[in-house]
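Protein chains in written order, with this note's numbering: chain D, 1 to 261; chain F, 1001 to 1261.
Be a bit skeptical, because a hint or two may be false.
As the list claims (entries may be wrong) - Once the Cα atoms are required to be at most 20 Å apart in a straight line, the calculated PhoX-like pairs of lysine-lysine come out as:
#, chain 1, residue 1, chain 2, residue 2
1, D, K223, D, K181
2, F, K1202, D, K117
3, D, K59, D, K150
4, D, K63, F, K1063
5, F, K1117, D, K202
6, F, K1059, D, K63
7, F, K1117, D, K21
8, D, K223, F, K1042
9, D, K59, D, K96
10, F, K1150, F, K1088
11, F, K1042, D, K59
12, D, K59, F, K1063
13, F, K1059, D, K59
I should point out that these hints are in silico values taken from the structure, not numbers from a laboratory. Being a predicted model, the structure only gives us computed values, none of them experimental.
Protein chains: 2
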Amino acid sequence: MSSVERIASIISVGNELLKGKTVNTNFAHIGRMLTFAGYRVKYGYVCEDTPEGIAETFKEAVKHSDLVVSSGGLGPTFDDITVESVAKAFSMKLVKNDHIMAILRNHYTSLNLPLTKEREKMAYLPIGSHFIENPVGIAPGVIIDVGACKVIVLPGVPSEMEALLGLARDQYAFGGVYCEKSIVIENMMESTIAPEITRIMKERDGKVYIKTHPLNSENILPKIEVEVSSYGSERTDCAEIVKSVLAEISDSALKLKSGKK
Amino acid sequence: MSSVERIASIISVGNELLKGKTVNTNFAHIGRMLTFAGYRVKYGYVCEDTPEGIAETFKEAVKHSDLVVSSGGLGPTFDDITVESVAKAFSMKLVKNDHIMAILRNHYTSLNLPLTKEREKMAYLPIGSHFIENPVGIAPGVIIDVGACKVIVLPGVPSEMEALLGLARDQYAFGGVYCEKSIVIENMMESTIAPEITRIMKERDGKVYIKTHPLNSENILPKIEVEVSSYGSERTDCAEIVKSVLAEISDSALKLKSGKK
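Same shape as in the complex, but just chain D (with noise of 0.2 Å):
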């Protein structure tokens, strides 16, 4: 891990997530970008829409964080509660920011349709909080520190969600370095290398991560993938590790199906 470890959490906000109706692809998304931005994502959560159900998780996840990303509840509907329910968690009076409103005016005005209450209130947001204008929507991402936390809040539609959060990244740079790579390993099954790993990654002293993913199931002629990720302050740094572990575990490969080991 790097010398200053960063944590952050992901927060999965819709009933429909719960129920599994919709496939969580938002998570892995958010997940994998944190990841190459140096952040160990640490804790997941999925929540309901409702305004308890996603106070505690947002306060919950505040404590334990430098970075929180949501997605989910942004939108024109009475269950898109997001925004109203972090601004009550952490206390933040909502005021009407008159851009946003004046872009919903005009998208609602071109549809030929009234600006209703549900739709207003897209345009009000915490007190302090900055918004990033949504390039493939209408509700904005909102930006809330909550004391050293940075709180990201991103709609769900998965278009919209991934064009805010590369907005967001630009903007606050989330600088940091990850470094993954993976071999993939014939004839080999998962618990004949699992003493291998546990030593070299002991041997790493916590700098490396070593995990085998089974690529099939473990009959005759098992298949995994070792994958070897690192996190470090200089990219340089970070590849050389992962690539001269990996080499290490290609050898102790051969070795167990020679039979040397």
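Fit chain F to the known structure of chain D by using the hints.
Chain F in isolation, oriented as in the chain D frame:
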């Protein structure tokens, strides 16, 4: 909601989920199954495969659940530590299960492989727990009663998790009723029907839950799915409520389109 509401939580164990390497399809599968068995799936967690991460998460989940289902971390590698971490969390001793040990011995002997410490680990279960034999793999599912909360610990390989979850459902009779039905409304924006949805849900006094899902973006010809669901004790009552609410929504949508609302 039903007269006796039963709360479930889902725990997904694994760094690969937090890092976004794997999309968490298990979560959706478990959520779907528990929902249709009449559970309100209220909390979801994703945790690292560290002893502390797992222990903390299980302790938190059992606090407010009647049922906890986890997946991940039951295999034969160094980072498969869910069972031992859960045992530690609830101060339960691990004891060797002779039946599972015999299965492991048979399995690895037939593959001409030694029964390493990492492989033997799968036969150590928390004292007082039950197990379900794995019909598609090796690691058994583990059922632990923690006070009034039932904890079901399953492997992360989807085919194994799904098979064991089905067996657990049959064995522990997750009896409950949940109905869900959707209609698709063309030429209707989510935000246009939102006030009607709010009104209908209020009138039904918590007996139904209505959710809208936009099927495309809020453009000139929007399309939404309206989903109505209800928990209950009798399947016929439950289905009846859902049916009548869907009819009411269709009617409202027609009136909105013809300008009568």
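Hints and how they fare:
1. D:K223 x D:K181: holds (17 Å)
2. F:K1202 x D:K117: holds (17 Å)
3. D:K59 x D:K150: Holds: K59 (chain D) and K150 (chain D) sit about 12 Å apart, inside 20 Å.
4. D:K63 x F:K1063: Holds, at about 19 Å.
5. F:K1117 x D:K202: It holds: about 17 Å lies between the C-alpha atoms, which stays within 20 Å.
6. F:K1059 x D:K63: With a Cα-Cα distance of about 17 Å, the restraint between K1059 (chain F) and K63 (chain D) holds, given a limit of 20 Å.
7. F:K1117 x D:K21: Violated: K1117 (chain F) and K21 (chain D) sit about 40 Å apart, past 20 Å.
8. D:K223 x F:K1042: With a Cα-Cα distance of about 38 Å, the restraint between K223 (chain D) and K1042 (chain F) is violated, given a limit of 20 Å.
9. D:K59 x D:K96: This hinted pair is violated, its Cα atoms lying about 24 Å apart.
10. F:K1150 x F:K1088: holds (17 Å)
11. F:K1042 x D:K59: holds (17 Å)
12. D:K59 x F:K1063: Satisfied, since the Cα-Cα distance of roughly 17 Å is no more than 20 Å.
13. F:K1059 x D:K59: Answer holds: K1059 (chain F) to K59 (chain D) is near 18 Å, not above 20 Å.
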